[in-house]
Amino acid sequence: VDSYEQPIDRPGEYQEQKKYYSGKKACHTRKSQLIVLPNGKDIVDVVAGKPGPKSDVNLFRETRNIFDKKQKFSGDKAYQGEELMKTPTKKPKNQE
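Here full-length UniProt numbering is used: the first residue of the sequence shown is 1, the next is one more, and so on.
Each hint should be verified, as a subset may be incorrect.
[As the list claims (entries may be wrong)] Once the Cα atoms are required to be at most 25 Å apart in a straight line, the calculated DMTMM-like pairs of lysine to aspartate or glutamate come out as:
hint : residue 1 : residue 2
1    : Lys24     : Asp68
2    : Lys19     : Asp9
3    : Lys50     : Glu83
4    : Lys19     : Glu62
The set of hints was computed from the structure by calculation and includes no laboratory data.
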């Protein structure tokens with residue numbers, strides 16, 4: 001599972017500007033999310049066009065209902081805290 005932000009033109013209405021402004025990217029963005037099989041060749045799900053400021057884990061939580069409730073996933077550190085998501089752990093210093 002991974003998501004990314006894509007820059008868009010600034011919306012005309014102020015409320016839309018607030019909705020799509022990403023402080024992280026310092027511009028207006030839309031967010032997309034891909035879920036692929038472990039081999040990386042088959043796309044299982046695509047979510048596109050969500051407001052950019054939405055966090056990766058919240059976007060995943062909104063869209064995971066199409067999968068079995070016990071389905072496990074792998075993602076980057078942006079998905080920490082999600083119980084069904086395996087995220088990387090940093091190896092402690094001075095340990096093999």
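Index of numbered hints that the structure contradicts, given in increasing order:
1
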